[in-house]
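Engineer: These protein sequence lines are chains X and Y, in that order.
Quick note on full-length UniProt numbering: the first sequence kicks off at 1 and runs consecutively.
Quick note on full-length UniProt numbering: the second sequence kicks off at 1 and runs consecutively.
Hints are supplied without guarantee of correctness; some may be wrong.
[Stated by the list, open to error] Straight-line Cα separation of at most 25 Å, DMTMM-like style, residue types lysine to aspartate or glutamate; simulated pairs:
1. Lys22(Y) <-> Asp554(X)
2. Lys412(X) <-> Asp115(Y)
3. Lys22(Y) <-> Glu223(X)
4. Lys412(X) <-> Glu171(Y)
5. Lys564(X) <-> Glu171(Y)
6. Lys564(X) <-> Asp217(Y)
7. Lys341(X) <-> Glu286(X)
8. Lys564(X) <-> Glu38(Y)
9. Lys412(X) <-> Asp223(Y)
The set of hints was computed from the structure by calculation and includes no laboratory data.
As the structure is a computational prediction, the values presented were derived from the model and not from experiment.
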Amino acid sequence: MTKITPEIVAEHGLAPDEYEHVLAIMGREPNLTELGIFSVMWSEHCSYKSSRIHLKKLPTKGPQVICGPGENAGVVDIGDGLAAIFKMESHNHPSYIEPYQGAATGVGGILRDVFTMGARPIAILDPLRFGSPEHPKTKHLVSGVVAGIGGYGNCMGIPNVGGECTFHPAYDGNILVNAMTVGIAHTDKIFYSAAAGIGNPVVYVGSKTGRDGIHGATMASAEFDEKSEEKRPTVQVGDPFVEKLLLEACLELMAGDAIVAIQDMGAAGLTSSSVEMASKGGVGLELVLDDVPQRETHMTAYEMMLSESQERMLMILKPGREDAARAIFEKWGLDFAVIGKVTDTGHLVLKHRGEVVGDIPVAPLTDEAPLYDRPWVPTPKPAKVLAADVPAANDLGAALVKMLGTPDLCSKRWIVEQYDHLVGGDTIVRPGGDAAVVRVRDHATKGLAITTDCTPRYCFADPVEGGKQAVVETYRNITATGGLPLAITDCMNFGNPQRPNIMGQFVGAIEGMSEACLALDYPVVSGNVSLYNETMGTGVQPTPAIGGIGLLEDYTRSASIRFKAAGETLLLVGETEGWLGASIYLRDLAGREDGAPPPVDLAAEKRNGDFVRGLIRHGEVVTCHDVADGGLLVAVAEMALAGGIGATLATPETDAPLHAFWFGEDQGRYLISVVVDRVESIVDQAKAAGVSLQVIGTTGGDVISVDGGHKATLAALRDAHEGWLPRYMAS
Amino acid sequence: MKAAVVVFPGSNRERDVALALKRASYTTPAYVWHGDTELPAGTDLVVLPGGFSYGDYLRCGAMASLSPIMRAVKDHAARGGHVIGICNGFQILAETGLVPGVLMRNASLRFVCRDVHLKVETTDSAFTGSYLPGQVIRVPVAHAEGNYFADDETLKRLEGEGRVAFRYCTEAGEIAPEASPNGAIRNIAGVLNEKRNVLGMMPHPENMTETVVGGTDGALLFDSLAKALA
């Protein structure tokens, strides 16, 4: 037997005091397999040891919540016996090392999290953050990540309806690849992971186990250095075809009542799935590793327990149901093997070649996982940038063309077109607007509005306001389609938590998010934390990506950003001070990345959101856009380009300089366009609701003009907007 | 019309096309498993749906073309029964030789999902009878291997016999190279077999059959079938 030396402990990413605790739990020196199990279960990725203490502060309850954080995904009631099941996860480290497979298996993993619970996935979204476009690796990473996401999701036949894609040098050494999936299930057919029933069979289904991805979770819990390329073998290889079969076979089995519990094998594979099922059920499991379907010969217990081979599931079946279940999996051409049983020992016992090769008490392995209250310092509040100190654009039209041609604001059509966003035939509002709207299968009228958002430059400047803003932007994007925001999932991407300033960013973002969720009745039901997004001491911008879902009771009453007709009046909901701090105008046109980000007024967000949603629900408004990155004029241009109709704008009475009014990024705002004879009534309703409303122009023509003098043609705007990404990728 | 939709491992638009058929014909099509050897009795129309049969491994459509059910599909076509293959279904038809030509990787080398315009090149078929000759329609594509190719002689025959069913075109109906999403020769998007009872096409009319999803131009194809095979 291998002697466990301090070097081996260190290679497994366990700190010396953590290993002392392992010895105390085991009452003896662990063997290598047992050490491996402790190492992955206690990795940052699986144990949330640096973040748990703070995640507890997030609001997770509400009348709509069926299941909050802790299961494979969050579950929210959408009425009439249906539930939306959703979660977002990161696959950052593997995607940087091997972009196609890293991104593809990220999609595969999050899909499994959702269909494990009994839901058929109906949408995928992918927020992506890349380094500077000038960085030599960026183009290769964009190309590989997008192809990988498309390659997996397209084959699965799940529409990819949204996400984000932005660029900043802070991501040069660590890109962020996050993936969200939303599924629909019947509320009486939701499957959980707690093992139960002493003697019940433990069943393995899906792909065979190979040597790929061993220690993936440990890799995702460390910083990168110049040798990161050597970690390529720890990136798993995905097979979306097998996952499609696994999806169909699982849903077919779930239609009956044979399953007691089910859990996908994601990070840390067989180890984390078996430990979590045993831990949640308060039982033991005995596994016979000889019966695990194996892709390679002479695999050791260590390798089988730590492999992250994809497309696998672990289930506990009711006794005597094995044959019926086996028939379903064999019909779909998948492996099916009884590999053990539920026991009353409270231990995970592993047998291999006739010997006990591992015996670990489950409760302390999970309950006594390390928990750190890491030292943190709050991020100093930056000073406010005065609009008067920011150079004005002489010609707003020319500035607008420039803005739309920046990497962050340009059209992401080059990406969207590589994803099948129409399969299923339920995509009502396609990607490219605010939230996407997807029809709910098995229901005559309901639709879901789905979006992901985060503005890392705000979070970097002020994590608290940035955290708030990320939540409210999803709220606005859902509202702008007519949806009632229900709940969120979060994917917390940060640097090294052992640095107090990074930990301070994390704590700040959680604080801001909590405040926003509470104020908006918009709880967190699932999530994921990705730390150590850092290379040689440089961390990413704090990026708490938020995925929000909202409900439309009647999907035919949804709004989209596209101008539908000329001669309509454009109305601005919400107040404009002309906030240029941390804005795109400031960064990309004035060359400054400083200042406090726009403050979020949560009461105004709720008031304005309720007002706009009411108008859409009553059919008074069918054209609506949230005002976000780039400010008001950019929002108008996006609506104009989507509809092929221009706009004539007039600056209303304001204290703000012209460039600050039109490019400021004040929060809580929406643009709506309505037929002229509705204006008076809407103005009255706004007054009654205490909502600020200003007339800012009229739709029509093929030019966007401001105050008569500043002009940009739609043709020039379109060329800038549509042109940047394809030209960059072809360069 | 009695329709049967074949489900291969990896099919993913079988439900989309079944719903489109149901909307047009008020009859629910049967799903037929690829491992079956017989079609349901009285089948008028067989649909090979979109997706990634067998993961598109080896070559798109190559393994599906050898599935047990395909023998029954070939017999059905030989008897004059109607068959439509959409996207992966077209690739399977090409692999079986039920329609001529091959589908190569898109010229861009990338998957492409977007709306395209198609010119209806013939209304003389059960699939296209409800369209107007030369009508320009808008439907989506979603594929990585839709770059149609056939040799000159085959093309000459296809053109001479009016067997090109659809061509990619601009919104104004111009057959221009830039209107093609995949580089297909002569902008060919769909072809008929000699007897005009088998159609292979890359675009997805089944995803454009309701105003609420963006248009109804695709519905007329299913309407044509419902009328012709009533």
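Engineer: Against the 25 Å threshold, does the CA-CA distance of Lys564(X) and Asp217(Y) hold or violate the hint?
Structural biologist: 20 Å, holds
Engineer: For the pair supplied as a hint, Lys22(Y) and Asp554(X), confirm whether the alpha-carbon distance does not exceed 25 Å.
Structural biologist: 22 Å, holds
Engineer: Holds or violated: are the alpha carbons of Lys412(X) and Asp223(Y) at most 25 Å from each other?
Structural biologist: Violated, because 36 Å separates the two Cα atoms, which is more than 25 Å.
Engineer: What's the verdict on Lys412(X) and Asp115(Y), does the C-alpha distance respect the 25 Å limit or exceed it?
Structural biologist: Judged against 25 Å, a Cα distance of about 16 Å means the pair holds.
Engineer: Please work out if Lys341(X) and Glu286(X) have their alpha carbons no farther apart than 25 Å.
Structural biologist: 6 Å, holds
Engineer: Does the alpha-carbon distance linking Lys564(X) and Glu38(Y) stay inside the 25 Å limit?
Structural biologist: 50 Å, violated
Engineer: Please work out if Lys412(X) and Glu171(Y) have their alpha carbons no farther apart than 25 Å.
Structural biologist: 22 Å, holds
Engineer: Is Lys564(X) close enough to Glu171(Y), meaning Cα to Cα at most 25 Å?
Structural biologist: Given pair Lys564(X), Glu171(Y) holds - Cα atoms ~19 Å apart, limit 25 Å.
Engineer: Is it true that the CA of Lys22(Y) sits at most 25 Å from the CA of Glu223(X)?
Structural biologist: Status violated; Cα separation ~55 Å.
Figure legend: structure checked against the earlier numbered hints; hints not met, in rising order: 3, 8, 9.
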